[in-house]
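Novice: So the chains spell out like this:
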Amino acid sequence: MTDDQEQKTIPQPLVVVVVDDDESVRESLPDLLKEFGFTVLAFASAAEFLASGSAARTNCLVLDVVMPGTSGLDLQKELKSRGYKIPIIFITAQRDESIRKRVLEHGAVDILLKPFSDIALRGALSKAMGET
Amino acid sequence: MAMQPESPAEEIKHLRRCINELVSVLALPATWTGSEPSRIVGELLSALLNMLDLDFVYARLRDSAGTNLEMVRTTSEWEPKPRAQSIGEILQPWLGNGTQNWLHPVRGTLEGREMLVVPLQLGMQGEMGIVIAGSKRDDFPRQTERLVLSVAANQAAIGLQEASLLSAQRRIASELDQRVAQRTGELAATDEELRKEIAERKSVEERLRQEEKEFKRSEAHKAAILDSSLDCIVAMDHQGCITEFNPAAERTFGYGRENVVGKHLADILVPPSLREKHRAGFARHLATGESRVLGRRIEMTALCADGREIPVELAITRILQDGPPSFTGYLRDITERKRNEDALLETHAKLARSEERWRSVFENSAIGVALTELNGRFIAANPVFQKMLGYTEQELKQVSFIDITVEEDRNFNLVLIEELLEGKRRQFQIEKQYRRKNGGTVWVRNSVSFVPGTERLPGFLMALSEDVTERRLAEEALNETRSELAHMARVTTLSTLTASIAHEVNQPLSGIVTNASTCLRMLDANPPNVEGARETARRTIRDGNRASEVITRLRALFSKKNAAFEVFDLNEAAKEVVALSVSELQRNRVILQSDLAAGLPSVLGDRVQIQQVILNLIRNGSDATRIVDDRPRELLIKTECDEGGVRLSVKDSGVGIDSEIEKRLFEAFYTTKSDGMGIGLSVSRSIVERHQGRLWAIRNEGPGATFLFSIPRSTNT
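First to last, the protein sequences are chains X and F.
So the first sequence is numbered by numbering that gives the first Met the number 0: it starts at 0 and just counts up by one.
So the second sequence is numbered by numbering that gives the first Met the number 0: it starts at 0 and just counts up by one.
Calculated directly from the structure, the hints in this document are not laboratory data.
One or more hints might be untrue.
Unchecked claim - Short derived list, chain F residues pointing at chain X, Cβ under 10 angstroms:
id, residue
1, S516
2, A524
3, V529
4, G531
5, R533
6, E534
As the list claims (entries may be wrong) - Distance ranges between label pairs, derived from CB positions:
id, chain 1, residue 1, chain 2, residue 2, range
7, F, I540, X, R81, 37 to 43 angstroms
8, F, V607, X, S97, 44 to 50 angstroms
9, F, R424, X, R94, 34 to 40 angstroms
10, F, R537, X, K84, 36 to 42 angstroms
11, F, I540, X, T38, 36 to 42 angstroms
12, F, V581, X, R94, 18 to 24 angstroms
Unchecked claim - On the chain F side, residues computed to face chain X include the following (Cβ under 10 angstroms):
id, residue
13, Q142
14, T143
15, T453
16, R455
17, V504
18, S509
19, G510
20, V512
21, C518
22, M521
23, P526
24, R538
25, S547
Here the structure is a predicted model, which is why all the values come from computation and not from measurement.
Glycine residues also receive a C-beta, built at the ideal position from the N, C-alpha and C atoms.
With these hints in hand, go ahead and build the complete structure from the sequences.
Specialist: See below:
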């Protein structure tokens with residue numbers, strides 16, 4: 000898959016939102032996503048994201064599981080209850096089967112274990128976009 | 000009396016029979032009173048033949064005239080009945096001069112019948128004749144038979160003496176009467192013949208004196224018998240006064256003959272409590288001729304000079320003569336015999352009581368009791384034991400206890416039995432499982448002892464068996480709960496720790512990977528975004544340093560725990576970790592074996608940290624075997640003494656270590672696992688080094704690797 004082909008399928012730049020309390024993630028991940036050709040918005044918390052009003056134009060959400068305040072799981076529920084059907088890719092530093100099971104049951108596209116490779120991320124994104 | 004080993008009951012029976020025979024023989028003279036010698040001997044022979052199970056008994060009597068009287072009695076199957084003379088002729092050469100009793104029976108053939116014969120003399124020197132008894136039995140004569148035979152011969156002699164004495168007395172008495180009557184008539188008829196008669200009387204008196212002399216000689220003869228008799232012989236007249244008291248009686252009752260003759264027997268020998276009865280019985284006899292005692296053998300109590308009352312056996316004969324009757328009593332002190340009999344009865348009763356008590360304990364015991372032969376076969380099992388196993392006693396007798404022991408407990412059990420039989424232990428306890436008849440199992444606690452054999456019984460094993468199934472199940476449940484709790488507690492602690500380490504390390508790692516990926520993509524772009532690449536590369540280095548700091552922090556965290564140092568047993572610590580890992584290992588189908596050295600010295604350190612190291616080694620080992628499919632996945636955890644310390648090793652049968660990997664094994668973040676972090680061995684090593692120990696790895700000679708650590712032993716134990 001090349002960027003050219005992808006752009007043919009996706010005429011307008013798609014918006015990917017990163018929500019993670021870890022600064023290094025907010026710093027590094029948007030750069031990589033931009034390299035993939037997405038428009039990227041990054042937030043340090045669920046509250047900031049909801050307050051920004053970006054949810055409506057978010058094509059994919061890359062969401063940390065464990066965060067101070069509203070957790071990634073809570074945000075997933077909140078978005079669902081507000082009627083948003085945003086594909087979510089969870090990222091986490093902790094392997095936890097029960098969380099994995101839970102988020103997938105609630106409709107998450109995938110859950111990636113930090114550190115994840117660019118290929119793994121790309122695969123999850125394609126899956127997410129294909130579903131929209 | 001020497002006996003074959005017999006049970007007390009048989010012994011008593013045997014003794015009783017012997018006593019009865021003796022008594023019958025002793026009573027014989029009473030029935031012979033006034034009989035002819037031929038009748039006396041005939042009855043004796045018949046009695047002996049019946050009593051002693053003889054094949055024949057022969058007698059030859061020599062009367063005063065020197066003629067022989069021969070008699071023989073044989074068993075009914077001896078056909079045709081032999082003549083006494085022919086038997087006598089056959090026996091003659093065997094007997095030789097026949098004047099001595101043989102010490103041993105002689106074997107010979109009598110009318111085609113091979114048998115053992117013993118001769119018995121009648122009279123002191125055999126002057127009255129001889130009795131010969133024979134039997135086909137090889138054990139003839141047994142000691143009791145010998146006794147009966149000699150007593151019988153003695154009694155026969157007494158009988159024969161009495162018979163001859165009596166006939167002499169009668170003859171004399173009747174002759175005297177006749178002569179006196181005749182002479183008295185003649186006196187009355189003729190005065191003239193007075194002088195003549197006087198002279199005649201003188202002559203008669205002279206003859207009377209002669210007769211009397213003869214009578215006295217005969218009396219002396221009788222006295223000799225009285226003196227030599229082993230039995231007490233006490234005679235009394237019709238008034239109940241003692242007229243004779245032989246030496247045996249003097250010895251037995253402690254009176255001198257001179258002190259008792261003429262006195263009432265009742266006052267001397269009859270205990271006060273029985274005197275009235277005695278007098279009444281005696282009076283009744285004199286009045287009516289009835290008697291409860293005459294001619295019978297009775298047992299009663301007699302009084303001694305010193306006031307003791309002793310049990311005696313008594314046979315009384317009435318001497319038939321003209322005029323008032325007199326009586327002869329044969330008495331024998333049976334104190335000893337009574338005592339023996341009582342002792343035997345008492346012993347038997349004790350045995351019976353003991354047997355009964357034991358039976359009762361056996362039957363009513365609340366715990367199982369089983370007896371087995373030394374090879375394990377059941378001899379007996381009480382109801383509790385039977386119920387516990389669901390087998391009847393009869394069914395149990397068909398098997399050995401090993402047959403019904405579950406297989407995994409058999410070897411251990413057999414080793415213990417062996418040690419028991421070799422005398423290395425007096426008894427042992429074992430907890431094991433029996434297989435019940437219905438296929439289920441039951442946990443028992445057995446106390447097994449070896450019961451040494453006796454002359455009559457071979458040795459056997461006794462097991463006291465307690466059903467501890469409930470306790471075991473409860474214990475198991477408790478242990479399970481405990482270990483589950485411990486497991487949960489540890490897993491929680493450990494996973495919290497692991498999670499925090501993971502979170503701490505994965506965050507920077509995540510940044511490193513993402514930045515590096517971005518960097519590469521930027522450089523690959525056309526045109527390359529050099530500025531962006533430089534920025535991401537800078538961030539990669541920064542995050543790398545951050546990760547390194549995390550590890551340093553973690554190490555510091557472990558090394559700062561000074562307060563947690565304690566003296567502990569490495570084996571115990573290892574066992575806990577093993578218990579913790581078992582289920583995970585089982586899931587991975589890894590077989591873990593432990594070889595923990597006994598008597599390992601204690602170590603000083605942080606128990607939990609060392610356990611983390613052990614856990615880490617076990618997990619690494621387990622992971623190393625994960626891809627192994629062509630051989631058993633095995634782990635061996637072993638502890639042993641090391642120079643100045645103790646060593647723990649975990650040996651796996653996994654993929655092993657190649658030399659390239661070996662160099663980097665303990666580097667932080669180096670890992671060969673797809674999901675590993677590469678800090679396990681690094682942290683483990685820092686923990687071990689913190690304990691002044693070392694951690695290293697070696698390649699196995701076979702497949703796999705062994706990781707070992709050694710830490711010093713505790714100095715204050």
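Novice: What hint numbers does the structure not satisfy?
Specialist: Structure breaks hints 3, 5, 8, 9, 11, 13, 14, 15, 16, 23 and 25.
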